[in-house]
Amino acid sequence: MSRTYLGEFEELVLLAVALLEQQPTGAYGVSIADELKQRTGRTTSVTGVHVVLYRLEEKGLVCSELGGATLARGGRRKRLFSLTAAGQQVLQEMRQLRLAFWESLPTLFFS
Amino acid sequence: MKKPSTRPTPQGPPRWAARLLRWLTPAGLLEELQGDLQEQFSRRLEQVGPSRARWWYGREALKVIRPYYLRRRAAELAQLLIDRFRKRPDHYHSFLKPETHSSPVISLPMLRNHLKMAFRTLSRNKLYTALNMAGLAFGITCFLLVGLYLFDELTFDQQHGNAGRIYRVIQHKNQKGEVSTLAGGSYKLAAEAGKILTEVENTTRLSRPGRANLINPENPVNFQETITNADENFLQIFDFPLLLGDRKTALAEPNSIVINEELAMRLFGHTQVLGKTLEFSHLDAPLKVTGVLKNHPRNSSFNFNSLVSEATFRSSEFFRQTMAGDWSSTNFSVYVLLKPNTSAEAVSTKLTKLTLANFKPEVGTSLSFSLQALKDIHLYSEGITDGARNSNVEAMAQGSPFYIRIFWFIALFVLCIAGINYMNLSTARASNRLKEIGIRKSVGAERSALIYQFLVEALLITGLSAVLALVLVNVLLPFLNQLVDKQLSLGLGTDYRIWLMTLAATLLMGLLSGSYPALLLSGFRPVLLLKGMKINSQGSLSLRKALVVFQFTISTVLIIGTIVLFRQVQFMKTAHLGFNKNLLVVIDVNTGAARDHFETIKTSMTQIPSVKQVSVSSRVPGEWKTIRRVKINPQGKADDPQVAYLIGADKDFLNTFEVKLLQGRNFVNPADSTAVLLNETAARLLNITEPSDQPVEIPAMARGSEFEPVLIDNSPFKARVIGIVKDFHFQSLHDKIEPLVVAYHQNPIHGIDYYTARIDATGIPETLEKLKAVMMKADPDEPFEYHFLDQQLARFYVEDARRQTLLIWVALATIFIACLGLFGLATFSAEQRIKEIGVRKVLGASVADLATLLSMDFLKLVLIANGIAFPIAWWGTGQWLQGYAYHIDLEWWMFAGASLLAVGIALLTVSYQSIKAALANPVKSLRSE
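These protein sequences, in sequence, are chains B and A.
In this text, residue positions in the first sequence follow this note's numbering: the first is 1, and each later residue adds one.
In this text, residue positions in the second sequence follow this note's numbering: the first is 1, and each later residue adds one.
Worth flagging that the hints you see were computed from the coordinates, not collected in a lab.
The beta carbon of each residue, even a glycine, is placed where N, CA and C say it ideally should be.
Check before you lean on any hint, since a few could be wrong.
What the hints assert, rightly or not - In silico DSBU-like cross-links for lysine-lysine, where the CA-CA straight-line distance does not exceed 30 Å:
no., chain 1, residue 1, chain 2, residue 2
1, A, K651, A, K726
2, A, K294, A, K486
3, B, K37, A, K63
4, B, K59, A, K63
5, A, K294, A, K435
6, A, K435, A, K63
7, A, K116, B, K59
8, A, K188, A, K126
9, A, K637, A, K176
Stated by the list, open to error - Here are some, though not all, of the chain A residues that point toward chain B, as calculated from beta-carbon distances under 7 Å:
no., residue
10, E32
11, Q34
12, G35
13, D36
14, S42
15, R44
16, E46
17, Q47
18, V64
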């Protein structure tokens, strides 16, 4: 079975979408960039996040709609992203994969 | 330094960044990105302040420059273009449109594929790529060089804001059959035209009365400057940029002078000279500097380095009597500024009427005026005499329409031929690519895609060639500059129009030369291609042959032309002029003191041991200043005067110049002040065979183009002929020897202007120092100006030498291109006949036989080209030599030599391919059938 390949940054963005779409801010460029910066400590550019989001959308892992214009945005709408079923599944598979690895590592590794 | 506090602090994101976003972001994605960045920006504004926030915004915006956005944006714009072209309604753009569907013609993966294929093809056939690039780069280089030259020539005097409305007044006069065209007008004409004619916005007068010393009293150095007088309107009509001073008032006051940077540096050592004074050798009161002009750009017809206000002279008695009320003279260059949308012809007519209303010319003389546009002054002033300059002021430098024509020819010829050669080479080797095309077609390539592929290839190679050409141009420019005496450059500072032209030429050349193979090759049926079809190209083969013949014809003509011109220049440089031009030092006489004491000065000069002879004269042979002309007739035959040149000279003139006296005697003493010598031509004209004090009359003389009476009472100057000298070339060899009268130095027509000393060949610098000392002793104000006569004479032929160099280069260029064409043809034919050669070889033909067989074909073409070239060259060079009064004869060896050269070069070019084909192992060519 061919699996959708995800890079590390893509995976983080995907996770951020999953987290933020539950919250009142919603998942869009700035909120995702902020979230990632807060969690990883890396500065992430909004344009970079955008490009990754578009790629994820092309792969069918997220879907999007326009909305939520505010004054701070100069009256421009934002693109709000949410996970698709396929996206949820990919995240699940990732998690499984990683967990399987961790479980087979000897405990010695942690000491 | 304190910053101005009133500057508003911009609160928004940087404008350039916002613009960048708009340009580069695909339309569907722009809004959200802008929104996100704006949101981030307004937050940062509070957190870190405006400057940091703006910096962040810029950084973010720059990140739009990434392939993901750029590719989509490019595809989007292309689509937009195509839609507009096809007049289709703008159908909906989905947010993430698969890019492969964007267009069958311009799609990015296809373009990438084409580029990749092009690179592969080019790098697989290195020889062809090199040949093609050499040819194309060469073509573009020539085109660029010529473009730069033409641009410079055609933008002469265009730097003035009103350039399109400025005209120069030209006077046409017909005086009893003597036609003269003068650039000039009278004082009143300029003064009244501006007031009376409604179409004229403003007029200005300029005059160049001669040379004089301009001296900085703090640091006096004697140097003769060419003086230009201008009225107060001059700087308002023309925008000569002023570094210092006010253009409205600079020339208004008497005793004002405006100088340019170069003169300021020379006189004062710096340019902050406003308000300083200068002494002027012809005026009592000093001149005040009221302005400093920038130096003239290279493409300016005007070359004055100072302007003295006309007001300075208006109060003088001489000026009031001769100029102020005058309608008839041509002592001023008059420029008029017309109101917008006025016809110059209408104004010309009015100017003529205006003058004729105030001034009646003599019976039999007709007078009219015309206006010459400022932009035409540089290139189209042939035959127009500058009326407002003294004979000792150099004429305005003129452009040469001859060069413009030659250069146009070269540019177009070289570019065309280079393009055609490319076309030729690529069709010639198309047989190699037929299989590729066949396969592409059978797997579904549309014809348009194939055409597109070939065009991309052609554009790629022209693009690369253009880059190469840019490098070449910069390498070659110094040589061209030397040749045409200009300062052209190609770099970032070059006018944008030149770059546009380059781009257009490259694109056009790429498209045109790529289109023929593209259309030809893409049209074949795939089955035929895969079956191993050979292009049946009788038609295109004869086209190619015709092209080679054409190229070699031109090359041969040019080689012959070069040989002929070379011989002619040699001839002119070495011809015997009738006098000995070597080791003659000519010293200018500029001041009255030097003129009055010339006997003393001459004696002191003669006493210098290394000086053999000294002579004084009004003019010397090889003169660039005008030699005065006179009307002369035997006594009593005043109704039929002849025109001759006149030089005033002393008794040592003949000895110093080594001019041969054929009959009669030389001048002896001041009693001979009415005696004249004639040259053979003048003697023939006056029917004098034996000089015996025949009385002759000289009623009129001309400084420029107009004759005037010699003596105030209108009676002729009566002279007697005492001797006849052998004809000598007192003018350049371009002209026939004219009749010449050598009058005694004390004559009423022209006083002395030069000392000429014949000196020893050794210790020349010391001799010059001694001569200078003599001059300085006589008059310390006199600058020591001298030149060697042979160098002066060589300047007559600078133009010819320049043309010769130019022609050599053109000849080389055409030969090079012709060789490229020939090489292409040889390659093509060797490839076509590869089987034939294999069979011949198997049957026993030797390598030499085969090489000869292959080469002979081309030799025939070159010989045909020679056959065509000979009559053309014979006729052309013959015509051309007619322009020289004294010229060489055409000889058979010039033609034979050129022919031999052409054949030799052609053989060298072809032999590589011929020998390669002949040496090839026949097994290779024959086994695959």
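Checked hints:
no.	hint	in the structure
1	A/K651 x A/K726	holds (16 Å)
2	A/K294 x A/K486	holds (19 Å)
3	B/K37 x A/K63	holds (17 Å)
4	B/K59 x A/K63	holds (23 Å)
5	A/K294 x A/K435	violated (66 Å)
6	A/K435 x A/K63	violated (45 Å)
7	A/K116 x B/K59	holds (28 Å)
8	A/K188 x A/K126	violated (73 Å)
9	A/K637 x A/K176	holds (19 Å)
10	E32	holds (4 Å)
11	Q34	holds (5 Å)
12	G35	holds (3 Å)
13	D36	holds (4 Å)
14	S42	holds (5 Å)
15	R44	violated (11 Å)
16	E46	violated (10 Å)
17	Q47	violated (12 Å)
18	V64	holds (6 Å)
Taken one by one, the earlier hints fail for this structure at numbers 5, 6, 8, 15, 16, 17, listed in ascending order.
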